[in-house]
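Keeping their order, the protein sequence lines are chains Z and H. Per my numbering, the very first residue in the first sequence carries number 1; after that it's consecutive. Per my numbering, the very first residue in the second sequence carries number 113; after that it's consecutive.
Hints are computed from structural coordinates only; laboratory data are not their basis. One or more hints might be untrue.
Derived DSS-like pairs: lysine-lysine, alpha-carbon spacing no greater than 30 Å straight-line [unchecked claim]:
#1 K153(H) - K56(Z)
#2 K156(H) - K68(Z)
#3 K68(Z) - K52(Z)
#4 K68(Z) - K190(H)
#5 K60(Z) - K163(H)
#6 K127(H) - K153(H)
#7 K153(H) - K166(H)
#8 K190(H) - K156(H)
#9 K156(H) - K52(Z)
#10 K190(H) - K153(H)
#11 K190(H) - K163(H)
#12 K127(H) - K190(H)
#13 K166(H) - K56(Z)
#14 K190(H) - K60(Z)
#15 K156(H) - K127(H)
#16 K68(Z) - K56(Z)
#17 K166(H) - K190(H)
#18 K156(H) - K166(H)
#19 K153(H) - K52(Z)
#20 K127(H) - K166(H)
What follows is a set of in silico ranges between Cβ atoms, one per label pair, in the way DEER data are often shown [unchecked claim]:
#21 G152(H) - K60(Z): 23 to 31 Å
#22 E16(Z) - E164(H): 29 to 37 Å
#23 K163(H) - D95(Z): 20 to 28 Å
#24 T185(H) - T5(Z): 36 to 44 Å
#25 T20(Z) - E215(H): 22 to 30 Å
#26 T182(H) - P112(Z): 24 to 32 Å
#27 K68(Z) - V124(H): 20 to 28 Å
#28 G210(H) - T28(Z): 20 to 28 Å
#29 E215(H) - G1(Z): 37 to 45 Å
#30 E195(H) - D54(Z): 27 to 35 Å
#31 A209(H) - T70(Z): 30 to 38 Å
For every residue, glycine included, the Cβ atom is placed at its ideal position computed from N, Cα and C.
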Amino acid sequence: GNSVTQMEGPVTLSEEAFLTINCTYTATGYPSLFWYVQYPGEGLQLLLKATKADDKGSNKGFEATYRKETTSFHLEKGSVQVSDSAVYFCAFRMDSSYKLIFGSGTRLLVRP
Amino acid sequence: EAGVTQFPSHSVIEKGQTVTLRCDPISGHDNLYWYRRVMGKEIKFLLHFVKESKQDESGMPNNRFLAERTGGTYSTLKVQPAELEDSGVYFCASSQAGGVNTEAFFGQGTRLTVV
C-alpha cells in the first residue's frame, strides 16, 4: 500500500553543518510530494513541495528534488541553524485525493 | 487572520472516559481534516469533511470515534469510551475549496493521554 519511509531520528548536528534527511515513498501512480515541519509548541507547517518528477522544492534554505526513478524526496540544507531544530515530516498526496500520507517524522536537533 | 485552532491543547483522561476535541478551521475553509499521530509513529489520516458532509472517513479506527461538523464551521472529534491506544496527538487541518492542490493548514494539535 501507499507509505512513506524516512530516516529515524534524532539527528543531532552542529550549527552550520550540512543536513540530509532521507525520504522514500511507495505509491501507485505519481504523487505530489511534501515536507512539513513542526517547530516546538507549534503546528505542522508546509516547508516545501514538488508536484512532478525532477521538480525541486525550496524554502528557507531547504531543498528537495522529486526523484521518480528512486521514488525519493530527500531534504537537504547546506548550513543548519539552531532555529531549524524541529520535527520534519515527509508526505505525499495522490492527484485525485485530498488525503496526505505521512512518514513517521525525523527530529532534528541543532547545537550551537 | 486566525489560523486553525484546536482545543484543548492537552487532555489527560482515564480509560473508559469520554473526551471531545474541538477544531476551528480558518474562516471560509470548506475542507476540514482530522489526522492522528500515535506514539511517535507516522501521522495518519482519519477523515475529511467538505462543509458539513463527511467526504472520506476511511481512516477512522473504530466506532468509538465520532466526528461532527454541524453547520460546516467548527468540528468535534469525540472518543467514547477512550482506550489506552488512543493516546497520541490529534491534528486538525483545513483548506479552501478548489481542488486537491489547495494547501492544507494545520493546527497545533491536541495531545491526548489515556491512563
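Right, here's what the structure says about each hint:
{"no.": "1", "hint": "K153(H) - K56(Z)", "verdict": "holds (27 Å)"}
{"no.": "2", "hint": "K156(H) - K68(Z)", "verdict": "holds (24 Å)"}
{"no.": "3", "hint": "K68(Z) - K52(Z)", "verdict": "holds (8 Å)"}
{"no.": "4", "hint": "K68(Z) - K190(H)", "verdict": "violated (40 Å)"}
{"no.": "5", "hint": "K60(Z) - K163(H)", "verdict": "violated (34 Å)"}
{"no.": "6", "hint": "K127(H) - K153(H)", "verdict": "holds (21 Å)"}
{"no.": "7", "hint": "K153(H) - K166(H)", "verdict": "holds (25 Å)"}
{"no.": "8", "hint": "K190(H) - K156(H)", "verdict": "holds (17 Å)"}
{"no.": "9", "hint": "K156(H) - K52(Z)", "verdict": "holds (23 Å)"}
{"no.": "10", "hint": "K190(H) - K153(H)", "verdict": "holds (22 Å)"}
{"no.": "11", "hint": "K190(H) - K163(H)", "verdict": "holds (18 Å)"}
{"no.": "12", "hint": "K127(H) - K190(H)", "verdict": "holds (14 Å)"}
{"no.": "13", "hint": "K166(H) - K56(Z)", "verdict": "violated (34 Å)"}
{"no.": "14", "hint": "K190(H) - K60(Z)", "verdict": "violated (38 Å)"}
{"no.": "15", "hint": "K156(H) - K127(H)", "verdict": "holds (22 Å)"}
{"no.": "16", "hint": "K68(Z) - K56(Z)", "verdict": "holds (12 Å)"}
{"no.": "17", "hint": "K166(H) - K190(H)", "verdict": "holds (15 Å)"}
{"no.": "18", "hint": "K156(H) - K166(H)", "verdict": "holds (17 Å)"}
{"no.": "19", "hint": "K153(H) - K52(Z)", "verdict": "holds (27 Å)"}
{"no.": "20", "hint": "K127(H) - K166(H)", "verdict": "holds (28 Å)"}
{"no.": "21", "hint": "G152(H) - K60(Z): 23 to 31 Å", "verdict": "holds (25 Å)"}
{"no.": "22", "hint": "E16(Z) - E164(H): 29 to 37 Å", "verdict": "violated (50 Å)"}
{"no.": "23", "hint": "K163(H) - D95(Z): 20 to 28 Å", "verdict": "holds (23 Å)"}
{"no.": "24", "hint": "T185(H) - T5(Z): 36 to 44 Å", "verdict": "holds (37 Å)"}
{"no.": "25", "hint": "T20(Z) - E215(H): 22 to 30 Å", "verdict": "holds (25 Å)"}
{"no.": "26", "hint": "T182(H) - P112(Z): 24 to 32 Å", "verdict": "violated (49 Å)"}
{"no.": "27", "hint": "K68(Z) - V124(H): 20 to 28 Å", "verdict": "violated (45 Å)"}
{"no.": "28", "hint": "G210(H) - T28(Z): 20 to 28 Å", "verdict": "holds (25 Å)"}
{"no.": "29", "hint": "E215(H) - G1(Z): 37 to 45 Å", "verdict": "violated (25 Å)"}
{"no.": "30", "hint": "E195(H) - D54(Z): 27 to 35 Å", "verdict": "violated (45 Å)"}
{"no.": "31", "hint": "A209(H) - T70(Z): 30 to 38 Å", "verdict": "holds (35 Å)"}
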